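Visitor: Listed below are the residues making up each chain.
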Amino acid sequence: NAGVTQTPKFQVLKTGQSMTLQCAQDMNHNSMYWYRQDPGMGLRLIYYSASEGTTDKGEVPNGYNVSRLNKREFSLRLESAAPSQTSVYFCASSERAHTGETQYFGPGTRLLVL
Amino acid sequence: RKEVEQDPGPFNVPEGATVAFNCTYSNSASQSFFWYRQDCRKEPKLLMSVYSSGNEDGRFTAQLNRASQYISLLIRDSKLSDSATYLCVALSGGYNKLIFGAGTRLAVHP
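Chains as they are written, first to last, in the numbering used here: chain G, 105 to 218; chain R, 1448 to 1557.
Hints may contain errors.
[Claimed, not checked] Derived CB-CB ranges, DEER-like:
{"#": "1", "chain 1": "R", "residue 1": "Glu1503", "chain 2": "G", "residue 2": "Val116", "range": "43 to 53 Å"}
{"#": "2", "chain 1": "G", "residue 1": "Asn174", "chain 2": "R", "residue 2": "Thr1465", "range": "42 to 52 Å"}
{"#": "3", "chain 1": "R", "residue 1": "Asn1502", "chain 2": "G", "residue 2": "Lys118", "range": "23 to 33 Å"}
{"#": "4", "chain 1": "G", "residue 1": "Glu163", "chain 2": "R", "residue 2": "Arg1488", "range": "15 to 25 Å"}
{"#": "5", "chain 1": "G", "residue 1": "Asn166", "chain 2": "R", "residue 2": "Asp1486", "range": "26 to 36 Å"}
{"#": "6", "chain 1": "R", "residue 1": "Lys1492", "chain 2": "G", "residue 2": "Arg214", "range": "15 to 25 Å"}
{"#": "7", "chain 1": "R", "residue 1": "Ser1473", "chain 2": "G", "residue 2": "Asp160", "range": "14 to 24 Å"}
{"#": "8", "chain 1": "G", "residue 1": "Gly167", "chain 2": "R", "residue 2": "Asp1486", "range": "38 to 48 Å"}
{"#": "9", "chain 1": "R", "residue 1": "Glu1503", "chain 2": "G", "residue 2": "Gly157", "range": "18 to 28 Å"}
{"#": "10", "chain 1": "R", "residue 1": "Asn1502", "chain 2": "G", "residue 2": "Met131", "range": "40 to 50 Å"}
{"#": "11", "chain 1": "R", "residue 1": "Thr1465", "chain 2": "G", "residue 2": "Gly167", "range": "18 to 28 Å"}
{"#": "12", "chain 1": "G", "residue 1": "Val116", "chain 2": "R", "residue 2": "Asp1524", "range": "17 to 27 Å"}
{"#": "13", "chain 1": "G", "residue 1": "Pro187", "chain 2": "R", "residue 2": "Thr1465", "range": "39 to 49 Å"}
{"#": "14", "chain 1": "R", "residue 1": "Asp1486", "chain 2": "G", "residue 2": "Lys161", "range": "39 to 49 Å"}
In case anyone wonders, no lab produced these hints; they're calculated from the structure.
All values derive from a computational prediction rather than experimental measurement.
Yeah, the Cβ is synthetic: ideal placement off N, Cα and C, and Gly gets one too.
Sequences are here, hints too, so could you generate the full structure?
Guide: Okay, here's the thing in structure tokens:
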């Protein structure tokens, strides 16, 4: 039982490049989330998917797109990376959204945009 | 103003000490509260939920004061392994999403 997995662990991009961060969970959770964590800012919600087939914007969605590929997988895409997107990205999942149920986090992806 | 605010610390305490962190929240409609723990360069993990009546889990005690809009975490008999960042989290009353504080760093030394 791996929980929540993320790939890659580290990535360096040049400004304007694109990439997709992958996330998968094996807990049969309905809801999945993407956060970014910056020093002094706390975790901020980028996008979430309350259930398979739905996605919604969070607090900081600009510059990102998401795809809920199936119940297990939720990907985050940066179409044209900017230095302001340098951050640590965490994927999380929970049984249901909007209830405060425990969210389980993946190990994170450290992204540097030059 | 941030919706959830914490003192960033660090709190440097010796083993065996008692340490307390406070956290304030601005949205009076916030419904539920939690403490998450995050080790250095790792993912956050739920430490405990915070109930209105206060609750205890071993050496950890969480309290909620709705009138003053703050929550607290008390750690008794600190261990070296308690060194981490503690994240205060509120379930936002506005749109039912988790709002994370920036965290309070605790360093326990021998």
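Visitor: Give a verdict on every hint.
Guide: Here is what the structure says about each hint:
no., hint, result
1, R:Glu1503 - G:Val116: 43 to 53 Å, "45 Å, holds"
2, G:Asn174 - R:Thr1465: 42 to 52 Å, "48 Å, holds"
3, R:Asn1502 - G:Lys118: 23 to 33 Å, "49 Å, violated"
4, G:Glu163 - R:Arg1488: 15 to 25 Å, "23 Å, holds"
5, G:Asn166 - R:Asp1486: 26 to 36 Å, "30 Å, holds"
6, R:Lys1492 - G:Arg214: 15 to 25 Å, "18 Å, holds"
7, R:Ser1473 - G:Asp160: 14 to 24 Å, "23 Å, holds"
8, G:Gly167 - R:Asp1486: 38 to 48 Å, "29 Å, violated"
9, R:Glu1503 - G:Gly157: 18 to 28 Å, "41 Å, violated"
10, R:Asn1502 - G:Met131: 40 to 50 Å, "25 Å, violated"
11, R:Thr1465 - G:Gly167: 18 to 28 Å, "44 Å, violated"
12, G:Val116 - R:Asp1524: 17 to 27 Å, "43 Å, violated"
13, G:Pro187 - R:Thr1465: 39 to 49 Å, "43 Å, holds"
14, R:Asp1486 - G:Lys161: 39 to 49 Å, "30 Å, violated"
Hints 3, 8, 9, 10, 11, 12, 14 from the list above are not met by this structure, while the remaining hints are.
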